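Residue numbers (the numbering used here), protein chains in the order written: chain G, 505 to 748; chain E, 362 to 591.
Worth flagging that the hints you see were computed from the coordinates, not collected in a lab.
None of the values given here were measured: they were computed from a predicted structure.
The reader is advised that the hints may include incorrect statements.
Said to hold, decoys possible - With a straight-line Cα cutoff of 30 Å, these simulated DSS-like cross-link-like pairs (lysine-lysine) come out:
no., chain 1, residue 1, chain 2, residue 2
1, E, Lys-506, G, Lys-632
2, E, Lys-588, G, Lys-571
3, E, Lys-506, E, Lys-487
4, G, Lys-739, G, Lys-525
5, E, Lys-487, G, Lys-632
6, E, Lys-389, G, Lys-689
7, G, Lys-571, G, Lys-627
8, G, Lys-640, G, Lys-689
Said to hold, decoys possible - Pulled from the structure, derived: some chain G residues nowhere near chain E, Cβ distances all over 10 Å:
no., residue
9, Met-505
10, Val-523
11, Asn-555
12, Lys-571
13, Glu-578
14, Asn-596
15, Glu-620
16, Ala-655
17, Arg-658
18, Gly-682
19, Glu-710
20, Asp-719
21, Pro-729
22, Phe-744
Backbone N, C-alpha and C fix where the C-beta goes; we use that ideal spot for every residue, glycine too.
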Amino acid sequence: MSIVLEIKNLNKSFGENEVLKDISTDIKKGEVVVVIGPSGSGKSTFLRCLNFLETPSRGKIIFNGVKHTSSDSEYNLNLYRSKIGMVFQSFNLFPHLTVLENITLAPTLIYKTKKEEAETNAKKLLEKVGLGEKSKAYPISLSGGQQQRVAIARALAMNPEVMLFDEATSALDPELVGEVLKVMKDLAESGMTMIIVTHEMNFAREVADRVIFMDKGFIVEQGTPEQIFLNPKEKRTIDFLKKL
Amino acid sequence: MEAELSFWAFSSQIVLPRLWEGMLVTLKLTFLSAFFGLIIGMFLALLRLSGIRVLRYISIAYITLFRGTPLLLQILFIYFALPTILGSYNIDMVIDAFPAGVIALSLNAAAYLAEIYRAGILSIHKGQREAARALGLSRAQTMIKIIIPQTYRRIIPPIVNELSALTKETSLVSVISLGELLYTTQRVGAKYLRIWEVYIWAGLGYLIIVFCLSSIAMKLEKRLETKGGV
């Protein structure tokens, strides 16, 4: 399988505090990578560095053979970001726009997609996440789980090659977690390349091709879900899994 | 000696026709200064929030200067001192009272409005900016399409505050003999030596302008309320 993202020596410091220490890994096309670890281990920062929402202090990201670093032009970074979808813990839908407008905004602005075409596509995506009837609603009238599914549709509307999920279910009421995980699972099965930061270990076990365990800014251990969950080698991984 | 006119006759025959002319000047002053002030203020707010330090400092200096000195002084400076200063550089410029008033009021209001816009922009949750940037929107697109539209409802009340103040501050332009509402009032009052009967109408004039302003703002707020509650 071809490599979509090569992550090379990614470092991030906030002042004196080193949050990411020399992270390197390759993400293959269609691979579903789940990142786990205790809070403060740097997993969210890692994800946010991947699309330069957080500026890495050092290191580079090679996307389909093209190198990206913090010193890239604004223009190049915007172009790169449009190809990397992201879903946030707090949904971050645009509250002043309807569900449909939330989804069509970026394609019409960035790809100059015609409005009708963008709307047709948006409606298809809404069907896919099970919200076909909500296109005219404003985000405030939706439940957390519905909002997060719209957020996923919004990211998919840009035809991203990689999707990043930053604790996408952590802010949801327990009974709403399932509907979002189901959408994510369908997406994984459709062949989307995904990097997922999550605390849902059962979900990780079910969908991950590879699990990365992070602690204190390092990748401590990685492998298949079986290796990590059933046969962890490192003491820190064992300690973390025991506490769950 | 002819009998003194009653309050109503004096008002309708003498006061109101003259004050109406002053009122029109006040309305024009208010409208134009609000228009330019709102535009310049947005410009200043964006400078103040820009990533470029020099631009930020220019905006801070501007706001400090115009908030830190009396508006009356600014009006007098633009009308009397500016032509003299330019004259010493061999630039001949005479500013009429009306444009001088509009310039002073716009520049002054812009400083206050800039801070209102800035407060509005800073009040939007940072997740909104992040979501927009993650989709690939540029800084400018994020500001125009995502951040600024969400500030509208929040900044209407302080903007109405500022524009109400501006409406009443137009009366300061009377010091450079511009025939706006207060100046006209003083002239009519002095001529007929009937003070309160004139001033009460002038007060009502300002009140009406500010009342209309607040009513429009309330309608606007109501309309925005139906749009997703922001």
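| query | Among the hints numbered above, which are violated by the structure, and what are their numbers in rising order? | reply | Hint check: 2, 6, 7, 11, 13, 14, 16 and 17 fail, others pass.
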